[in-house]
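Participant: Throw the hints in and build the complete structure from the sequences for me.
Number of protein chains: 2
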Amino acid sequence: MSYCTATYRIHDAKADFQRKAESIAVGMTVGSWTELPQLQQESMRKHLGHVVSVKEAESAAGKRYADVTIAYPDLNFSRDLPALLITAFGKISMDGQIKLLDLDFSENFLSHMPGPKFGIEGIRSLLHAPKRPLLMSIFKSVVGYDLEGLKQQFLAQALGGVDLIKDDEILFDNPLTPIERRAEICRQAAEEAEQTTGKKLLYAVNLTGRTSELRKEALKAIDAGASALLFSPLAYGLDVLQELSSDSDIHVPIAAHPSLAGALYPAPNYGIAASLLLGKLMRSAGADLVLFPSPYGSVVMPREENLAIRDELVRKDSPLRTSFPVPSAGIHPGLTPRILADFGQDVVVNAGGGIHGHPGGAAAGGRAFQQAIEASLAGQSLEEAAEHHAELKAALQLWGGQR
Amino acid sequence: MSYCTATYRIHDAKADFQRKAESIAVGMTVGSWTELPQLQQESMRKHLGHVVSVKEAESAAGKRYADVTIAYPDLNFSRDLPALLITAFGKISMDGQIKLLDLDFSENFLSHMPGPKFGIEGIRSLLHAPKRPLLMSIFKSVVGYDLEGLKQQFLAQALGGVDLIKDDEILFDNPLTPIERRAEICRQAAEEAEQTTGKKLLYAVNLTGRTSELRKEALKAIDAGASALLFSPLAYGLDVLQELSSDSDIHVPIAAHPSLAGALYPAPNYGIAASLLLGKLMRSAGADLVLFPSPYGSVVMPREENLAIRDELVRKDSPLRTSFPVPSAGIHPGLTPRILADFGQDVVVNAGGGIHGHPGGAAAGGRAFQQAIEASLAGQSLEEAAEHHAELKAALQLWGGQR
Chain A
834 MSYCTATYRI HDAKADFQRK AESIAVGMTV GSWTELPQLQ QESMRKHLGH
884 VVSVKEAESA AGKRYADVTI AYPDLNFSRD LPALLITAFG KISMDGQIKL
934 LDLDFSENFL SHMPGPKFGI EGIRSLLHAP KRPLLMSIFK SVVGYDLEGL
984 KQQFLAQALG GVDLIKDDEI LFDNPLTPIE RRAEICRQAA EEAEQTTGKK
1034 LLYAVNLTGR TSELRKEALK AIDAGASALL FSPLAYGLDV LQELSSDSDI
1084 HVPIAAHPSL AGALYPAPNY GIAASLLLGK LMRSAGADLV LFPSPYGSVV
1134 MPREENLAIR DELVRKDSPL RTSFPVPSAG IHPGLTPRIL ADFGQDVVVN
1184 AGGGIHGHPG GAAAGGRAFQ QAIEASLAGQ SLEEAAEHHA ELKAALQLWG
1234 GQR
Chain B
834 MSYCTATYRI HDAKADFQRK AESIAVGMTV GSWTELPQLQ QESMRKHLGH
884 VVSVKEAESA AGKRYADVTI AYPDLNFSRD LPALLITAFG KISMDGQIKL
934 LDLDFSENFL SHMPGPKFGI EGIRSLLHAP KRPLLMSIFK SVVGYDLEGL
984 KQQFLAQALG GVDLIKDDEI LFDNPLTPIE RRAEICRQAA EEAEQTTGKK
1034 LLYAVNLTGR TSELRKEALK AIDAGASALL FSPLAYGLDV LQELSSDSDI
1084 HVPIAAHPSL AGALYPAPNY GIAASLLLGK LMRSAGADLV LFPSPYGSVV
1134 MPREENLAIR DELVRKDSPL RTSFPVPSAG IHPGLTPRIL ADFGQDVVVN
1184 AGGGIHGHPG GAAAGGRAFQ QAIEASLAGQ SLEEAAEHHA ELKAALQLWG
1234 GQR
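Chains A and B supply the protein sequences, listed in that same order. Numbering follows the working numbering, in which position 19 of the first sequence is assigned residue number 852; successive positions increment by one, without gaps. Numbering follows the working numbering, in which position 392 of the second sequence is assigned residue number 1225; successive positions increment by one, without gaps.
Keep in mind the hints are simulated off the structure, nothing from the lab. Nothing false has been slipped in among the hints.
No copy is singled out in the list; a pair is fine if it fits within one copy or between any two copies.
Capping the alpha-carbon separation at 20 Å, the derived lysine to aspartate or glutamate pairs in EDC-like fashion look like this:
no. : residue 1 : residue 2
1   : 973       : 875
2   : 964       : 1144
3   : 1049      : 1080
4   : 1149      : 940
5   : 847       : 891
Facilitator: Shown next, in the form of structure tokens:
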């Protein structure tokens, strides 16, 4: 017998958690059990969920809760994420204060999740960057720009030596900068910059539109030179990401944007834990890079949640390729040592304002980040490195050092 | 200029809500404003979001919050729900305690939402039931049953005179009861029952599997005789529902299951309000019937939230067809007067245990509900009606009357 398990945190002032757990195990599988005739029980037993564990506790605020793990027979659902999510959290998501903390896939279920096509190693190989942290920059403003406007922005960022540039997730298909024209013009700009920097560069173009058209849009962009895709899986469904990532014609990395995730993970007693939503599920669905709110900046996620996402993206005890963690928002060069301390080298340092807002412009902003990364890797303090690097010095003066 | 607006509830002990609202209006559209040169402001103004209103208040628990409405220029996003959701709630869903309460579509945006293909009037016409409340029953257990087992259950429910029967949402495509075989055998059972009851009956077969296969699966089911579909849009994305509902080959009503909705609506300071998620968005995406947790039973939603969902599904000031509200979970015949008082006649009374658990079996359970509905419509008390109706009497004895 093969099972997938789900772990929930259930807040309830009075519930008998063991009984509640048993009612979930039965209710979300065979429906009823004790009233079944003996003979039917025998034939139904293989479909019956069971309680793996019930751990009662009290929160710091004195609220009573339990972490409950239930095993669901693989036999009951098809090998796709919607089926597992509906089985494990469909109806009971609405049954009181319950948060889905984790899912553990059976070997069989996991064998149907292809995971990232590139992953950390594949992206490193595309960029000829076998070990060091990568640097990504985001367009500052995209809405309302024409192709020439985007190209100028792209070029400024690319000349700073970044490894990846991504569209803003709010840049939808539009007559001014249609996806295939954006892909083409930015490919040209990337090649132009490469002649100066000597560095490879991936451009993640934002994939948008109607669900059934996404594949066609992706192929159009790739044909025109897009070297990566940006996609917001939570606006479309994780299965759509999985279908894109496992499509053999879509042979570029996919960066998953956490758009809408805040509707799901932050409440302590409802929703889906960040480590599952933005960690395990994104990786399982095939995201090569996963963006999520950093604990450092303006849009804040607690550090332990960030590290839990990281763990799910890079853990080695999974047959799937790893995904690059991309902690985002509020990142400036002074934070680099802290990011590397938290994430190690398998991280993408990702900045928008921290690059475009540099007093010397976006190219100087990119260089300041590169200088900060190099200094950190060399065990040098940023202040020390800044003595020999004007761009880093200006960045530290503007935004300060490690906080 | 044409705008869609979004209304948020933002909880914050200290924020300057007006400033926060302005930062959303700028940040989620043009990115920055005050630092733009005059000339660029002129060309960018048409892309700039603006604050419609900021209403500060304090919750009963003494928490400070504001309801903030922002207008987003249609010019900035494509005419699909993922684009609007990413624009209005993508990034800022992660920015502190913020809940999306409502979206108002511009006329132009709305003209791209076809809405329900059948709606309340269309379903009434299929069932030859022009005015009265409808009655739906749910399979009791489905997992592990073979076709003959499902047929027997179907027949028992159908003989009770219900208008609709739906699959359980956890019945996925499986070798024992594949969708086209289920559709076929239940169509036969429906015809068989019709000869006894003289009533039309819709069977909503659960549509599951990989996203890109759903259309094919739906057509397979319809070809085999499925007269309706059950679908869990929140496991797949609302746009997938919209593509199915607007597909001219899918000429049967679609019932939307609220599976996973509890991950989104119940937290007071995060997520998406139930009236928007299960009301306006489901209707816009084309659900002909929408299930949601009733305020009466085991899986409880507050009554005012239920009525707010109802309002969104049936309001007449929209060009879209209306959707049938289906308050679900914990419904037994004794609750019928209360349901009709809350919802009027444009409601589907939906029961699982309240039909199958009837002492006289599922057919008797269906008849008890019919008797309760008829009595309520005639202004008769259930106790009075029960004197002449054995099935209703047994139901009231078991589950009690109106609570």
